[in-house]
Structure formats: structure tokens, C-alpha cells
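Colleague: This is what each chain is made of:
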Amino acid sequence: MSELRLIFQKVGTAKYLSQLDVMRTFTRAFMRAGFPLKFSQGFNPHPRISVAHPLPVGVEGYAELVDFDTKDDMGPDALERLASVLPQDIKAVKLYTPQSSVKEITFADYTLEFIYDSGVPDGILETFSAQNIPVMKKSKGGVKESNLRDAFTEIREESRDGRSVVLLARLDARNAPINPRYFADALASAGKAPDFARYARRRFLRADGEAFE
Amino acid sequence: MTETLERILSRVEKPARYVGGEYGAIIKDKSTVDTRVAFCFPDTYEVGMSNLGLRILYGIKNNMEGVWCERVFAPWPDMEGEMRAAGLPLYALESGDPIKDFELICFTLQYEMCYSNVLNMLDLAGLPLRAAERKDIFPLVIAGGSCAYNGEPLAAFVDAFVLGEGEDMNVEVVRCIQQAKREGLTDKTELLMRLSKIPGVYVPSFYDVLYNEDGTVKSITATHGAPEHPRKRIVTDLDSMYFPCETVIPSTEVVFDRVTLELMRGCIRGCRFCQAGQIYRPVRRKSPQVLVEQARRALEHSGYEEISLSSLSTSDYKGLGELCDGLLEYCEPRMINLSLPSLRADNFSYELMERVQKVRKSGLTFAAEAGSQRLRDAINKNVREEELANTCRIAFEGGYSTLKIYFMIGLPTETDEDVEAIAGLSYRMWQLAKKRSTSGRGVKITASVACFVPKAFTAFQWEAQNTRDEFLRKIELLRAKMPRAINLDWHEPSTSFLEAVFARGDRRLADVLEQAWRDGAKFDGWNEYYDFDRWMEAFRKVGIDPDFYATREHGEDEVLPWSHIDVGVKFSHMLRERHAAYRSEISPDCRVQCTGCGANCLLENGVKCDE
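Chains G and C, in that order, are what the protein sequence lines are. When we follow the numbering used here, the leftmost residue of the first sequence carries the number -19, and every step to the right adds one. When we follow the numbering used here, the leftmost residue of the second sequence carries the number -19, and every step to the right adds one.
In short, the hints are calculated from the structure, not lab data. There may be inaccurate statements among the hints.
[Said to hold, decoys possible] Between beta-carbon pairs, the in silico distance windows are: (1) ARG28/G <-> GLU273/C: 29 to 37 Å; (2) PRO25/G <-> ARG563/C: 50 to 58 Å; (3) ASP217/C <-> LEU0/G: 37 to 45 Å.
[Claimed, not checked] Derived coverage of chain G by chain C (criterion: at least 3 residues anywhere in the stretch with Cβ under 8 Å from a Cβ of chain C; other residues may be distant): (4) -12 to -3; (5) 4 to 11; (6) 57 to 69.
Virtual Cβ for every residue (Gly too), placed ideally from N, Cα, C.
Model the full structure from these sequences, guided by the hints.
Modeller: What follows is the structure, given as C-alpha cells:
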């Protein structure tokens, strides 16, 4: 038996898959690829598969992680076998025996693209430099005000053209992850509501700021 | 994916169902394609992707050179609203291209309540609803599936119906259209005339229908050289027939998310209310060896964790033991669940149950259909209470804890005693289950009661449906009699009423359909959208009495709107069966004795049913 980790991308059409969809898709893709999955014991045995830090529907991921257990050797070319049986926009990047626990993930870098049909207004980045950025956060207990400033450690502009601006934000990943759409909400509160936004998680980082694998 | 679509998708529920990209979806190089086909399922992605027929025809058409067949489902109203607001026409999932630019649009009609969605999808595609208003040769609109046998209510909207099994016929139809496209043909009538020569194709505009003063059909006359009696197509040899071992595997959740293995077509039983049991005749089966091999390939390709055996009556499949052995040998070590719906109570065996529950155990369902033996005999549901009791005993001793029993009310010859007998039978099963249960979790018995809908091509095609008030009275009667220990589910009679109207409808109903659609009808199979009053208002507006179709007894000498369609089983057989029902007389199943229904004439010379 061994524990394995897959780094994958979830982009394009696949960004609309929910956490449950991703689990279902990998369970079947692993079966198609002939991976000897280890099943849990009990009334309804299921394979041991876990996806780290589920992404909200509509957000792309470029270095997502899924851990799973196998009972036998995977055989050669396991990554290629898997890559050939995945849906169109899920890409297998790397398959390996992990040396670290996902609990060590501390930060996550996101790109936030805001599109303005009539041109990008000034002061986008400045909106996020305030000490208090109130957003109304939805949770099981209802809606309550929360300070978005506590959710990220850095934010900078990565690129822009006439109608869109792309920010790079480093989010705290230790607590319950915040949905990146709250950044658009904050812009809306500042009177700069974008007409459309795209979000992508680029990578996970350790506490020391190094890339997590 | 365009930004327009992306923007829309950020605002709708379950966007994954609108983008395609699943494993197994067919993407073709457009430069190699001259015939684009849209396979439209007039319900949600989740329902449509659960349909085996879609996967079969998708595979067959995409195996054709120069043809690209793509999937289209009905967008949920939130998505529809966004598409209309953005001016985004109905598109195919694989390419994202608008289907109005395709050569062929095919609809599958699985149930009457999807008709408003057919109209809505045509409109959303940007096409005129009525066939006569679509002057261009392409896209041609074709409809098949079990409702196409009496597709008359849709006759004004559809260019052609395909009757029966589509495996061979669809190839011929698509070839014919491809040929016309390559020739540069522009005359739609000419294309329809060519299509009408293909056995199984029915072009409704080539038939003149005249009516009597009382509203019944006077005559149906073929024109344009079309066959007088379009006859349904079947596939003779199921073993050599295409089966979609490699198919689209949805990433998001669908209703039936598993391999569906079709064991046989047709049914040896002759339940008099059942349309499927008649229209899928003659009985043909696949061999266990072929099935085991196809199952293995389908499971390997899909990675599914469940396989379900499908047929009208799985326990009548000859070789079920051998089949289950072969399947379990593959499934068990891989933790793949085997499920067997459509078991009959009479030959349910302990051995079979033991086998299917080896991997995982699920609830049991059985169709008793009627509460009394007298009425079960009248409808030719040849199952006796002793057999039900035996099944129940075996199942609960074997560890099952839930049982659902299906019944119908409003069946021909039914009395109040028959209705009350449903409560009695359910209660006796509950007592037995409680005594025999070994699960330690208590027992749960559900009686699920549907309202009888008389269907075309059955022994009961002439029967009057009960009125809504009569159904409601019977439901109240049953509720009063049903012990509290039993869960009682019942269907809303107003849905069954509309189903009955369209199941025996004629082409004059086109106006009602169009009116109801204009007034907002869509997703009528979904409780949250079905609006009975809207439909009644539509009937009033166009001056058509729905009771004429549903609650009126049809005369045995009447020309029925579907009289010209040949499904194999003869009207004379249906009539004999109807009269037997009134004498509460049962007919033997096909294996005991052939009753001469006529369906064997569809087989090639020398081939017998059920061989």
C-alpha cells in the first residue's frame, strides 16, 4: 500500500465542476487508468481519495492536489495512463509519493481578473490597501460582516489592458478558504463593480513562502 | 467557451451541465465533416445523460464518415432566461455551435410531458416552430422514441418521425440527408419523399387526415407515394448490434450514473395496460457471453462503480444465472455494484438475491399494479399474492429492510373493493416483513400509487380514463383504508390527465401545445413547472375539449389517430385482449403459448421470437 499525490489543473470547462464532481471524476479516471485503489472498509466501501482545499465552482486551479491510497504498485507510465483518460480540461501534471502533509499548506496565490466593459477605473489596487475592507460573508450561520484584509497577506497588479486588470493575491489558506469573489464584492462596495471577473488559484505555498508539493 | 457564455454561466445553477468537455465526448475536425447532427433530449442534462438510447445513437452516428453528432439538452429556466437575454441561441455541447446551422436536428420523445420542451428548444434554437414554416431544407427536424408511435400531437412541428429501433434506420436517414447535402438539394419535399421510402420513416405531412362531425377521425390517407401503413423498424440480431462500450462519462452528477446493460427487447408478458410490452415486441435477447464481454469493456472504459441490468422484465431473461455469475466474477474484486431493477415478484429467487447483494444491498421494488387478484387477472398482470408474499419473505429474511410496491388506480373494470384491496395487500406484506425481518433496522413498506393512463397500441387504448374527481375520490378512499404503518405515495391525477390527452392525441392538439408554450409551459414533467390551470386555459383558448381525448371511451370501430401506424402487434389482438379483460381472463405469456399478436411478422423468415 502506498499513498500518492497527484498535481492537476482544473481549467476551462472543468472549472465548473464542484468538489463532489471532482471526486467522482477522479474515482472513475483512476479506475479507467487501472490504478489499484484501496477501498475503505464498511457497509459502502469507497476509495480513499481526498482533494486538498476544494475550489469554489467557477474558479480555475493550476496546481491542485489530490491524495489517494493504492494497494499495489502503480506500474510504469501511470501518469501517462491517467492523462489519457481525463476529461478535456483536467490535466494531470505530476504523480508522486508525497513527503509533506497538506496541513502544511499556509498560503495560496490567486489571480483575480476584473473586466470592465467601459474601461478599467482608477484605484482598483488601492481598494485593497485599506486596513478595513468590509464584505458580507455568507456561511451556514447566515450573513455576517467580515474584514477581507485579514484574508490575504499581499496583493499586487500583475497586468492590465484597456478593459481588464489582473491582480495577484496571496491568500491565507490555514483557515476556511475565502471565496475570491469577495474581492469583486469589495470593489462593488467601492463603486467599482466589475462587469465580469475570472479567478484562478495558481499555487499553494508553505509557511516559509516556498511552493508546496 | 466564449466570454458571453462564461458571463452567463457565472449566474446559473449547475453550470457544468452546459459546457461539455466530458471524458468520451466526441470532438471532430470540422473540415472532415459535411453533416452536422444535433441529438436533442427535451429534458435536463441529468435526465438525458441517463438514457441509453442517446448513447447508442450518438455512437452510431459519430461512427459515420463525414458526420458529427452532438448532444443538446433543455436548459433549465434560469439558463434559458440568460440565453434569451444575451441573444445566445441553443447550441450543441461539443462544439458550442448554434444548432440552427446544422443539417439535422433529432429529438427523442421518451414521455408526453416533454412536448412543451420540444417547442421551447426549437424556438430557442431560433427556428420556426411549425414544419410548414421552415422552408429551408436544413435543418430537418426528426423525432423518434417511444412517443413517436403516436406522435400526432407533434405532427405539425416535426418534419419526419422515425418509428422503432434506431440502430439501422438512423444510419439510413443520416446517409440520405448527407447525400442530399452533397448534391446541393434544396427541395425539402423531395428530401422528405426520399426519406419516406426508408422503412420506419413516417412523414406526417404526407398523410391527409379527415374528421367526422363528432370530432373523431374519419380517414387517414397517404399522399406523395408514402406507405399507407408506416411500419416500425426493429433490429433482428441483438448480439451483433452496436453497443456503446465507449461513451460519454459525465463529470457532474446525473440521475442514472452507471453502465446500463440491455439484456433483451420486448417482453413475454402481456400486461394489458403496458405500452412498452407491446411496442417493443417481438421478444429478442442478447446472449450472456456477449453481455459479459460488453459489460467488461464498458466498465473498463467508464470506470463506473455500478452496472445495472436493463429490460422490461429482467427475471424473464433466459440465462440470468449464467449472466450474473459472469458479471460478478468481474465486478466483485473491483467493488463494482450490480443492480437488477425490473424483477418480477413471481420468479424472484433467493439465490438471485444472494448474488446481487454480495457487493452492496439496496432496497427492493415490485410492481403488483392492482390490489385484488380479480383485477390483476383483468389487466393480465400474472402475479399471485402467494408469490408476492414469498418474495417479501425471502427478501426480508435475507436482510432487506425496505420494499416499495407499485400500484395503479383507475384501471378498467376497477371497483371500490379493488382500490381498498391495495391497503389490504400492503398491510399483509408489512405484517410478513415485520415477522421475517432480520435486518434489525425495522421495516419500511411503501405503496406507490399511479393513475392509469390509457395508451395507444395497448388492449386498453379504447378505455376512458377516470376523471380527476374520480381519481381523487379513490385516493381518499385508499388513504382512509391504508394502515399508518405503510407509506402511501400517489401521483397527482392532473398530470396523468394531460399525459392521457397527448398519449391518444391527434394533430389538432398542435394548437393547444403552441398556445400552452406561448403561455409559458415548459418542463411539464417537473412539479415545480407543471401548471394544470395554464394547460386548461390553453385548451379553452383554442376551443379543444381535453376530455374528448382522455375521459371518453373510444369506439372499437373508430379510426384512431394512430390507426395507420404498424407496430407489429395487430389491433385485432388488442381487441381480443380487451374483451378478455372484461371477463377477468388471463392470457398466457409468450413462452407458455403464442397468442398470435402479430409482432413475429417483423422478424426475418425462419426466425422465431425469444430464440
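Colleague: With a cut-off of 8 Å between beta carbons, are at least three residues of the stretch 57 to 69 of chain G near chain C?
Modeller: This one holds; 5 residues, not fewer than the three required, reach chain C with a Cβ under 8 Å.
Colleague: Under 8 Å between beta-carbons, do enough residues of the stretch -12 to -3 of chain G, three at least, approach chain C for the coverage claim to hold?
Modeller: holds (count 5)
Colleague: Closer than 8 Å, Cβ to Cβ, for at least three residues: run that test on the stretch 4 to 11 of chain G against chain C and report holds or violated.
Modeller: Satisfied; 7 residues make the cut.
Colleague: Look at the Cβ atoms of ASP217/C and LEU0/G and judge whether their distance stays inside 37 to 45 Å.
Modeller: 41 Å, holds
Colleague: With 29 to 37 Å as the target window, see if ARG28/G and GLU273/C comply at their CB atoms.
Modeller: 31 Å, holds
Colleague: Is the distance from the Cβ of PRO25/G to the Cβ of ARG563/C consistent with 50 to 58 Å?
Modeller: 53 Å Cβ-Cβ, so the 50 to 58 Å window holds.
Hint violations for this structure: none, all hints satisfied.
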